[in-house]
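From just these sequences and the hints, can you work out the full model?
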Amino acid sequence: MNNTAASDTKVRRRDKEVYNTNYVKTSRWERWKIKYLNVGFLGHTIFVIFRTVFLIGISYVILYPFFAKISSSFMSRNDFVDVTVKLIPRYPTLDTYRAIINDNYYLQALFNTTILSVFCGFTQTLICSIIGYGFAKFNFKGNKLLFFIVVFTMVVPHQTLQLSMFMKFRYFDIFGIFNLLGGGDIKLFGKVLGHLPKILPFTSLNLNNSYWPLALLSLGGLAFKNGLYIFMMRQFFKGFPNELEESAYIDGYSVYRTFWAIIIPNSFTMMITIFLFAFAWQWTDNFYTEIFFTTEGIKLMPDVVAVPKSLDTQYAGQNLYVAAIRNTCGLMIIAPLIIVYLFGQQFLVQGIERSGLTAE
Amino acid sequence: MNKTVSAAAPKKKRRGASLVARKARAGWVFVMPFIIGLVIIYIPIVIDSIKYSFNKINILQGGGYSLTFVGWENYQEALFVDPSFVQTLTSGVQQLMFDIPAIVIFSLFMAVLLNQDMFGRAAFRAIFFIPVILNTGLVARIDEGNTLLEYMENTSETIETGTENSAVTEIVSMTDISWLFQTMKIGGGMVSYVTQMINNIYNIINRSGVQMLVFLAGLQSINPAIYESCAIDGATTWETFWKITFPMVSPMILVNTVYTVIDSFTSSTNRVMTYIADVYNQAGGNVVSSAMSWIYFLIVILIVAAIAAVISGYIFYQRRD
Chain A
1 MNNTAASDTK
11 VRRRDKEVYN
21 TNYVKTSRWE
31 RWKIKYLNVG
41 FLGHTIFVIF
51 RTVFLIGISY
61 VILYPFFAKI
71 SSSFMSRNDF
81 VDVTVKLIPR
91 YPTLDTYRAI
101 INDNYYLQAL
111 FNTTILSVFC
121 GFTQTLICSI
131 IGYGFAKFNF
141 KGNKLLFFIV
151 VFTMVVPHQT
161 LQLSMFMKFR
171 YFDIFGIFNL
181 LGGGDIKLFG
191 KVLGHLPKIL
201 PFTSLNLNNS
211 YWPLALLSLG
221 GLAFKNGLYI
231 FMMRQFFKGF
241 PNELEESAYI
251 DGYSVYRTFW
261 AIIIPNSFTM
271 MITIFLFAFA
281 WQWTDNFYTE
291 IFFTTEGIKL
301 MPDVVAVPKS
311 LDTQYAGQNL
321 YVAAIRNTCG
331 LMIIAPLIIV
341 YLFGQQFLVQ
351 GIERSGLTAE
Chain B
1 MNKTVSAAAP
11 KKKRRGASLV
21 ARKARAGWVF
31 VMPFIIGLVI
41 IYIPIVIDSI
51 KYSFNKINIL
61 QGGGYSLTFV
71 GWENYQEALF
81 VDPSFVQTLT
91 SGVQQLMFDI
101 PAIVIFSLFM
111 AVLLNQDMFG
121 RAAFRAIFFI
131 PVILNTGLVA
141 RIDEGNTLLE
151 YMENTSETIE
161 TGTENSAVTE
171 IVSMTDISWL
181 FQTMKIGGGM
191 VSYVTQMINN
201 IYNIINRSGV
211 QMLVFLAGLQ
221 SINPAIYESC
231 AIDGATTWET
241 FWKITFPMVS
251 PMILVNTVYT
261 VIDSFTSSTN
271 RVMTYIADVY
281 NQAGGNVVSS
291 AMSWIYFLIV
301 ILIVAAIAAV
311 ISGYIFYQRR
321 D
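Chains as they are written, first to last, in my numbering: chain A, 1 to 360; chain B, 1 to 321.
The set of hints was computed from the structure by calculation and includes no laboratory data.
Backbone N, C-alpha and C define an ideal beta-carbon position, used for all residues, glycine too.
There may be inaccurate statements among the hints.
Here are the simulated lysine-lysine pairs, DSBU-like style, with alpha carbons at most 30 Å apart [what the hints assert, rightly or not]:
1. A:144 <-> B:51
2. A:144 <-> B:23
3. B:243 <-> A:35
4. A:238 <-> A:141
5. A:309 <-> A:86
6. A:141 <-> B:23
Non-contacting residues of chain B with respect to chain A, defined by C-beta distances greater than 10 Å in every case (computed) [said to hold, decoys possible]:
7. 48
8. 75
9. 81
10. 89
11. 93
12. 98
13. 99
14. 143
15. 189
16. 226
17. 233
18. 235
19. 244
20. 265
21. 266
22. 313
Covered stretches of chain B, going by a simulated chain A footprint (3 or more residues, C-beta under 8 Å) [to be verified]:
23. 22 to 28
24. 118 to 132
25. 199 to 207
26. 275 to 281
27. 297 to 307
Structure follows, in structure tokens:
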């Protein structure tokens, strides 16, 4: 305190000598008033308060259903007929969880879905990166047209292709080659021309009820929302400086080795973003799993959503109780996803931030 | 001498062309997975789907199926015979026209807010992207008409099943708002639109996750120097938003509008989609559903093209020369 006062006087004396001015230091109160009691600061404060309240409000809207679902998942039957019970269960119980695990093949479904989603997530990420890189950095003939087709695959509603997709994988064949080798009829304009000797034991493969349809779609970059991933990766790679690759070429790397050793390691954040999307959307997917898997086949997450046999729902609170059970199923389905999201969310934002996504 | 030159020349020429050719070939190799998938799986599926929509299909007992060509019959049935398809279609399109501006404006607004420096930004972002990851597919289907959430929200004892789904039932009472705005001479349509938007906020948040990400990415790519020079020239935040931020993210508005249209048209919770799925499930592979979805697809394409054409006229592209 003493020290600063001394230095203040020193400075003031020097100012006096140099500029020949004589001014008084504004008091702390004055400075505070100038800094904080003006329209700009007031406006900013109001804005910050509004913003915080608004963001907290929206966060509440997003998170509230989760709280409601979590609390209701611990409620017992009696709580649903008791009108005084809202968020906090009076007779907490784990019966719902126990019944779902025991009756709904939850653990099997968890195991199978993990395999499927991890596989699909990895393949789709890798394949979409490769395809996106091809679209971003190479000017081959037909680049624009092919990319238009990618956009087209995004636009066609799934339901349009539902039936034919089922049929395609129910009677899987590549240009009639299996049919030909399996000794099936060779048809041309509806007329049977004859058939070859039987080489294969089948004329078409039934790939439904296996992981094959989704694996093949993932490998072709045609699975759920893959058009979007290809689009995102393409935009991301377009932001890469060409010099990076050129220097690698000069150092003797081939195009493929450059991609593998330079491009991939530099795009991990974006790839994790894509993986997160692909993994999560495959995990909760009910469209493709319901086309390709019957309920008797491999147990997957859609099979979990059902009222367990051991729970008696025939009573006054039936509607609510059934709804609560279904929501508990939903919670158990997304529980592993929440953990993945907690680890992955930082990459989600970073990946997007660094993508330099621009529309062209 | 002359001979050797002519022998060497083509060789040299080939080597010169091979760099470009090799790069072009590498491009083909990179997109090859997509091409193979397209040729083996996708194109046959699309062709089959078009074919089925002109046929009647019978699944045979011993495996296999037979088709009988019926021409435009399925389309006629979808458009003229089916009692509720056209109605569902028009109401679906109408709903979308209401939803697009709400979703795009909301996601832009949220992206601008989440882009600002503030306390707890990372936490807010993490919360806002939860719906993109978690509320999809199965969970979205469970949430459709969720009696539980309605019950949790309502303090009244009576709950009716099958009422319209919204996690936050009536944040704003319609009567309050219209009373407030009646004196301000704002049209009733506008007021009901805004209140509808607020009451549907849960739905809108759920559907605007990817759009928010795209807008955030767009905002990040704006050069901070532009904002700095604006601040030096004395522009207010409001002016900066309309003169800098808005034009710079306008390409994103196009992308997001198109994405919103496609996403809400193809989402499994869409009313038309559920209707088509119902028709599909009713008769175990009814081909009328194929015809319906092709009609639907044509309408989607037309709407996307119209919107893209209108918006792209107003877009500002930053020249980077």
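Evaluation of the provided hints:
no.	hint	result
1	A:144 <-> B:51	holds, 28 Å
2	A:144 <-> B:23	holds, 16 Å
3	B:243 <-> A:35	holds, 28 Å
4	A:238 <-> A:141	holds, 18 Å
5	A:309 <-> A:86	holds, 26 Å
6	A:141 <-> B:23	holds, 11 Å
7	48	violated, 4 Å
8	75	holds, 14 Å
9	81	holds, 19 Å
10	89	holds, 13 Å
11	93	holds, 14 Å
12	98	holds, 19 Å
13	99	holds, 17 Å
14	143	violated, 7 Å
15	189	holds, 25 Å
16	226	holds, 15 Å
17	233	holds, 16 Å
18	235	holds, 13 Å
19	244	holds, 16 Å
20	265	violated, 6 Å
21	266	violated, 4 Å
22	313	holds, 15 Å
23	22 to 28	holds (count 7)
24	118 to 132	holds (count 11)
25	199 to 207	holds (count 3)
26	275 to 281	holds (count 3)
27	297 to 307	holds (count 4)
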